[in-house]
Structures are given as C-alpha cells and as structure tokens.
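In order, the protein sequence lines correspond to chains S and C.
1 is the number of the first residue of the first sequence in my numbering; add one for each residue after it.
1 is the number of the first residue of the second sequence in my numbering; add one for each residue after it.
Treat the hints as calculated values from the structure; they're not laboratory data.
Be aware that one or more of the hints could be misleading.
[Claimed, not checked] Straight-line distance between alpha carbons at most 27 Å, and here's what the computed DSSO-like set of lysine-lysine pairs gives:
#1 Lys94(S) / Lys300(S)
#2 Lys300(S) / Lys485(S)
#3 Lys172(C) / Lys355(S)
#4 Lys356(C) / Lys290(C)
#5 Lys351(C) / Lys290(C)
#6 Lys496(S) / Lys485(S)
#7 Lys108(C) / Lys395(S)
#8 Lys398(S) / Lys109(C)
#9 Lys398(S) / Lys407(C)
#10 Lys386(S) / Lys115(C)
#11 Lys355(S) / Lys270(C)
#12 Lys486(C) / Lys428(C)
[As the list claims (entries may be wrong)] Some chain S residues judged to face chain C by a derived CB distance under 7 Å, without partners named:
#13 Gly83
#14 Tyr100
#15 Gly220
#16 Leu221
#17 Asn226
#18 Ser227
#19 Asp255
#20 Ser291
#21 Glu346
#22 His349
#23 Arg350
#24 Thr357
#25 Ser359
#26 Tyr361
#27 Leu384
#28 Leu385
From a predicted model like this one, the values you see are computed outputs, not experimental measurements.
Ideal placement from N, C-alpha and C gives every residue a C-beta, glycine not left out.
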Amino acid sequence: MLRASLREVSAALKEGRVTPTELCQKCLSLIKSTKFLNAYITVAEETALKQAEESEKRYGRGQPLGVLDGIPVAVKDNFNAAGIETTCASKMLKGYISPYNATVVQKLLDQGAVLLGKTNLDEFAMGSGSTDGIFGPVRNPWSYSRQYKEKSVPKSHSQEDEESNWVITGGSSGGSAAAVSSFTCFAALGSDTGGSTRNPAAHCGVVGLKPTYGLISRHGLIPLVNSMDVPGILTRCVDDAAVVLGTLAGHDPKDSTTIQDNFKPFDLPNLTDVSKLSIGIPKEYHAPGLSSEILSLWSKAADLFKNAGAKVIEVSLPHTRYSIVCYHVLCTAEVASNMARFDGLEYGHRSDMNKSTESMYAATRREGFNDVVRGRILSGNYFLLKQNYENYFIKAQKVRRLIANDFVKVFGSGVDILLTPTTLSDAVPYMEFIKEDNRTRSAQDDILTQAANMAGLPAINVPTGLSERGLPVGLQFIGQSFQEKQLLTVAKWFEKQVKFPMIQLEVKRHDHGAFQHQKSASFS
Amino acid sequence: MAAAARGYSGVWRRAWQRAVACNARGGAVLAGKSGLAPWVPVVGLEIHAQISSNSKLFSGSQVQFAAPPNSLVSFFDASLPGTLPVLNRRCVEAAVMTGLALNCSINKKSLFDRKHYFYADLPAGYQITQQRVPIAVNGSLSYSLCIDNKMSQMVTKTVRIKQIQLEQDSGKSLHDDTRSQTLVDLNRAGVGLMEVVMEPDMCCGEEAAAAVRELQLILQTLGSSQAVMADYEIERQIEELENGGTILNETRAFDSKLGCTVPMRDKEGKQDYRFMPEPNLPPLILYDAKSLPANMNHQQVVNIDWIHERLPDLPSVKRAKLVEQYGILPEHSFTLLNEDGLTEFFENVVKQTQMKPKKVIGWILNDLLSYLKQHSLTVEESPVSSVLLADLLNLLEKKEISSTAAKQVLAELWKGEGKTPLEIVKEKKLELIQDQKELEQICQAVIDGQENEVMAIKAGNRKVLNKLIGLVQRETQGRSNPVLVKQLLEKKLSE
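Could you build the full structure based on these sequences and the hints that come with them?
Right, here's the structure in full:
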C-alpha cells in the first residue's frame, strides 16, 4: 500500500480499502524502522494521528476534502508549520516553535493531508548533499537497496563496510527526497534555489518538480535567495506531482511575488503523439565532469524522443558557463541580507553573552550558524559594500538577465522543452562527498540545475535509470514560464517510456553503535 | 538630531556652500584671500512624517499611539523567518497626496530597497526604504516668515523638495543603564513613514522652522500625517543647529573616492548600509488617467489623477481665501492657520457678530491669542468661547461699551466663571454713558478745571485735547465714548 502512488492510495481511501489512520500508522511505523536514514528531524506523531482521525470521519461521511484527504505527507524543515519545531537544521532555530503555517503547508492541511513531520536538510538549505545540518546527514535509501548492494558493496559483507558505503541523498532537500523514496510518505515539500529539489530527486530516484517562480507562494518558506527560491514538490511519479501542484499553485496575497492570474489545476493528459513536440538539447549542459553513464543515458533519451517522432535539436545557451559565479554573487548577497534578522533578540538561539547588544548579536550568530552560513554571509556582505556593489551585484544581475535571455531565445525559436541531465553523476558515498567543502560541492553540483532558478523557469527531474553502481540517475526537463502543464505532460510520457525500477529497500534494524546481525526484512 | 516627537521628526542636514560675494555694481565676484569666498552655512532637512493609516506599511498590524509595549506587532514586524512584506495601499496614497501637494513629479514606477544595519529596534537587520527610485521627486515648498519679528513684514521663500520616499519606521529602544539592559518595544516597527528631503536652500534656523511648520500644516490638511510636533521640539532643534557649527565642521565628509563632498547624517558616521533591492516587492507602479488600462479593477490600482482631483485646499489656498473673504492681512491669515482651531474660532465669531472681520481679527490675534499663549492653552481649551467673544464684540459694536471697557470684560471672562459679557458689564457698571447731557456736563466740568490746557488748545495746540479727553475718561471711569467726548469738547472749546 505504501508503495502505491498518491492517486492510487487516494482511491483506496475513498473506497475504504484502507483507512487514513491505518495509513498514517503504517507510515509512522516505517519512519521508525527507517530512522537510520535520518530523513526526519521532527515526527509529529500525535498531530498526524489526529489529522488522520479527522480525515477518517470525513471519509465516513462521504465528504473527503479532495484527492489529498488523508494522504500522509512530509515537509522540509525550512517551511513554517504552526506548533511544530521549525529548525532549518540550524542551532539558530533549534527549539523554535513556529506560530504560523506557511501558505503551502496550510493548503495541504486544508485539503486534509496528514503532516507526518519535518524533514532534514543542509543548514538553512545551503548545500547539495543534505550533509551539513546539525542533525547530521541524510542517508540515501538506495544505499540499502538490493540494487545498490548487488552492484556496489565490496566482497566482505560486513556491516561496517555497509555503514561506510552509504551514499548521500544530494541536497538540500535530501530529507524530503529520502522520505518519499523510502515510502514513508506519498509526497513531500522541498525547496529549490539552485537545484535543491531536483538534485536529491535525481539521487533518490524520485520525481522532483521546481515550479515557475511566482506560481507557488513562498510565504512561510524561510528564504535563502528570495529572488530564486521556490517550494519544490517531491513525489514518486509525475502524475502525483501534478496533483500536489494543483493544490499549491495560485496567487497568495501574502506573497507579493506570486502572479495574480487565476491558476486552474489540471489533469495530465496521456500523451501518445509526440510528433509535434520540439525538444532542445543544450550543448553547454555537456559539462565537464559529466559521467559517461549519464551522458549515454541523456543521449538515449534524446533518441527516444526522436524515434517517437519528436523533433530533437541541439541548441545553445551560451551564458551557461557564467551561471556559477553569477549565482554565487547573488545568492550570497541575498543570504547576507536574509540572515541579518537572526540576532537572538526576538526568537531562536540567544547567546549568554550580554555585555552589550552588539556582543550578544556577534556571539549569537557565531554560535548559531555553521561555517557554510557564516561564509556566505561574509561573502555576501562583501559584494554589497558600496565600493563593490556595481562590480559584483549589479554585474551579476546583468549576467543573470543574459542567462535568462538565453532561454527566451531558445524557446522563442520554436523549442518547447529542454532535455538535460540533472546531476553530473550518481550519488557519491558520504565519505567521499565530505572530502570537498560545501562551497566546492555546491558549485560543482548545481551547474546543471541553477540556470532554471536564475531564469525562474519550471523544471522537473524524472528518474530515468540505474547507474552501474545500482543507483538512480535522473534527467531534467526545463519548460517555459508557467507552462507546467506542458512540462509535466512531456515528463509523464517520458516516465512511461523509461519505466524506472522500484527501489527494493531492505530495512535492517540497527541499534546505536553496536552492529548486530538481525533478520533482514524486506518489507512490502 | 532626530526628534523623538510623535508623528514627526526631523533630521538636520547641514551642507556648506561657497558664498558668492557681490561687488558694488551688482556683479558676482569671488572675494577673499585665496580668491575663494567664505563659507556660508545652508540648511537642508530630512523630515520623517509618520503616515496616518490604520495599519503598518508592510503588515496588517494596527497603528496606534500609546498602546502597551509589543501589543501591535505582527509576525512580519517581529521579523519572524519566512514572513513577507505586503504593501499598504493607503500609505502609497498618502505619499502621492503629499507629493502632489508639494508640487513633485510622481514617479509612476518606484522601487524598494533594503538598508542594512544592526540595531535592537530593527528586527530584520534592515529597513525597507526607497533609495534608488523614490515615489516622488523635484518638488517645492513655499513658506513665509517675518523678518525682524515684526508681524507686518512677511517674506515668502521657497525650498526645493528633493524627494519623498516611503520607508519603515523602527521600533523603540530604551536603555536601562542601572540594569545594563535595553528594553525594546516593536509597536512602532514597520509603521509607514514619508521621508521628505529638502534641499539646502534655507539659510538659518528660522527659515528651517518656518518651512517645517508649513510642511506640518500641509500634512495635517491632507490627513496624510498627523505631523504632531511640539513647538519646543522646533525650538530645541533650532538651538541645536545654531550651536552645531563647530561640530558639523568636523563631521563634514569629503569622500576622496567619489571626489566630492557628501552631506552627512550625524548619528551614523561612515556606515555602509549595503543597499540591495528588496526582492520580495515588485516595482510599485502607479497610474494616471492616461495610462490606466481599461479593464483594470479600480481597487487594484492607485490613480494619481484621481488623488489629485480630491486634494483638499492647501494652507496657501486657505490663507488666500481668508484674506479675500474677510479682508484681513496676509500675515493675519498665517497666524490663523498656525494655531490649531483658531481659524474656526475666528469664523465662528464673525458669524455671530456684526463687527467687521477686519476688526474682529484684532481681538482674536491680540487679545485672545496672547492670553492663550500666556497660559499655554490651546484654542480648544479657551475659557472664552466664540459665542462669548461674539457677544462681547456685539456690545462694543453697538457702542454700549467702550473698547477699554471691553478689554476689562474680557479679562473677567478669562476667569471662566460662567458669566455673560452683559452680566459683567452690569456688575462692573461699564456701560457707556448714553445720556448726552450727562456727558456734556462732565466735559464742561473738565474744561472748567483745566484753564491752562484750554488756553493751549485755543492757542492752536490740538494735542493737548487728548489730555482733556483722558480726564473725561477718568471722570467717567472709562464709560465715555472717546469719539463723542472729543466732539463735545471741541464743540465747547470753539464756542
């Protein structure tokens, strides 16, 4: 049941084949047995069960609120959820109980969704591995899959080796991706600023949708880069993403950057004829470091479209190579600004240092933020200095415009959708990942996903195949502004063609520290 | 030097300009040893006027004076993470109104920026303001002031308005040194402000004060700000400025990189505010009748022309109307408008009396106003109502009492014992003697008693007549009409 799609389980609820409380309990139980994944920071067991009970009553009356009624979901811990700790995986907000719901959280709850808990992330969403939060790294569920174990675990089957061999989820929405991938929920919210939804989606073998900037409200999403952030949707299939999108999209008076136009939720048609479609392959996305596996998969995908009758052409987005530095300047500048509010005065961590306001501020911020956050604040403030503003910030804004214009030109020339890889390789083992610092990793890993954030365009990761190591690889579709329907329709068609395999998760029971051999139960 | 007065605060900005000396023939010439003219101080001002609105600039929390600390603070005001600003329409309208009243160009597209600094009363670590493109620019403010403290010589001056920008007010912090702590009240954090920036066109504190006063009146008339600022604040600031000469010399900043002198805000010193566009607020677009799209919902937009049509009469217009309608002097109209409620009082008295407004105004400005000032009362608090004053003036007009008597009655009325003017007149026996015969008798008696003076008058010294009149007045205890007395005396003396 837990492996079903959102739509399927919704139907099951409606038909009474399963009840919301049963479903909720199953998910909670699975969360417990997959605790070692460290996907969840907070599990809101009591409130979730209450919500499930309420849902059950509604189904009993034959009055469910909609498709999402009774569906267990999870939300990244940088979204405010009233009454629940919202930490952003940072000491600065540890213990912070938010007094309000983010708009997207409210919308889910209004539809009867059951909020299981808040998922793990890189601190303040800064990172591409979900490894740099105070609650520790998130483990990719595929590390414990039969597929990975068969291909990658070295000959000695000791648990120590398995322990050290686990791979990252990618980030920064790694917790949400892992939660969906390990079947503990049917949909999860992430955030996407430079690829933070699509990247972990690719590594965890799930669908990760980055909507057009301005389509979904950011009210209540603790911001990283206000001009690039969007709430992201993680699900196990494209259709489910469309369902969740339908619930979340639309103007929010509380967010002045959402568009005013009326949004109409849509059902995805089952595309059969792609002959009218024009797929663009941007040559710059054949980036240095792109693994040959992924290159080959990308090529096969292009052929897939071609053979089905679509027009597949090579296009150019010439300013792609400037996107990393451009992103770095704009991102750090906004971070420096957004983090200025964390001073310990009104909420969150406050240092014991109280000699003066200034010393209290300084100590609070030093204690509350990790190196990554502090580093970005320092960089950002540097770029915003009067003497640097013109050369860095303004320049970066101009470059951003050029990057966005690249897309405008390409889409204007008749291309409907762009097809690119999502990541440079499959997920790396944690021990390898941490050999490089956060900044280096982010710069490397964001290269294929950032530009969509710069241009505000919708993009989606669709799990495509397994790598030689038995780990998921995804491909990315980038669409035109507010053309989610077209984007998702094409993604859905592609998903159908590639038939990505389901994860064969083997959940072992681990005790803290001591590794014991126990019966491995591959769950169903 | 920002005043912490409610509703309104000014920051003095003093820039220095080279004076150009004029030679005798009226041409401009550079004087001085080095060929450079001496420095002359000129004064620029930045006024922060709190916008009169129900809610704050970017959040829905209420704007209210003197509420319990931290009782008017929304999540956004407290800078809770994840909250976003939403622009208050009424604040935009207030700024547009003010811009129009100050003859500004209203920017149809203006932008919001973040100005960063750390302070306990600034929860977000930045203030949202308009640094790049403010809502209104290039206006002017005309004001008048008296030269040499004589009410009779008024001169009109103009100060250029550089810009008006919308921005957030900060909270309040109180330093408790005994306990080494700072108490922060965020009620005011996020309240809308209009910062009105005046160019350094004013020469001194007096001009600045007059300009500020006029601006205050305009804002109050528009209703865009209550602009309440106690007079003592204006006085205090003038004094500070006058004493600030040397201080300002030191804080004068020459920015070598920019290659020019920079006017400085005294408090902050050399601070880099790291201005950045506010990413959560799209550009503010205003429309006028021409640019308004056909199908746009009227509720969704701010129409500059619509606001312009509905502007109330500005003080300058009001004053001109008063002068025209009542035949009073321009300087009178200034005083009327400068005092809260005085114009209404004046007009009420005029309505209720036959006395000409030109005469009424004297009583209002000389007698009523000076009394109020002496006792630090507002017009509202006046123990003498417009009805009472009108009654009194009617008695005077009907020549039932002399003007001297009237002043005595007024002095009684100030006591606020509830007596009517007529009652006081009767009580103190202040009625003018109406009986001509009686008057004649008294005149005759005086003439008879002042032989020398009579001779002087008959010899041609008319001035001495005044002494006789004065004596009659004394005899009658002020109850004689001096004009009539003069006539009678003259008649008798010519016999």
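Interface restraint verdict for leucine 385(S) against chain C (beta-carbon cut-off 7 Å): Constraint on leucine 385(S) satisfied, holds at 6 Å.
Hinted contact leucine 221(S) with chain C - closest CB pair below 7 Å: holds, 6 Å
Lysine 94(S) paired with lysine 300(S) [C-alpha distance capped at 27 Å]: Distance of about 46 Å is beyond 27 Å: violated.
Interface hint outcome for tyrosine 100(S) [beta carbon to chain C under 7 Å]: holds, 6 Å
Restraint satisfaction for glycine 220(S) [CB to CB of chain C, less than 7 Å]: holds, 5 Å
Straight-line alpha-carbon gap lysine 398(S) to lysine 407(C), limit 27 Å: violated, 76 Å
Hint check, threonine 357(S) versus chain C [nearest Cβ-Cβ separation less than 7 Å]: Holds. Min distance 5 Å.
Residue hint glycine 83(S), partner chain C, criterion CB-CB below 7 Å: violated, 14 Å
Residue hint tyrosine 361(S), partner chain C, criterion CB-CB below 7 Å: holds, 6 Å
Hint check: 7 Å Cβ-Cβ cutoff, glutamate 346(S) to chain C: holds, 5 Å
Interface hint status, serine 291(S) versus chain C (Cβ within 7 Å): Interface hint status for serine 291(S): violated (35 Å vs cutoff 7 Å).
Holds or violated: lysine 356(C) to lysine 290(C), with C-alpha atoms at most 27 Å apart: violated, 48 Å
Of the numbered hints stated above, those contradicted by the structure are hints 1, 4, 5, 9, 13, 20, 22, 23 and 25, listed in ascending order.
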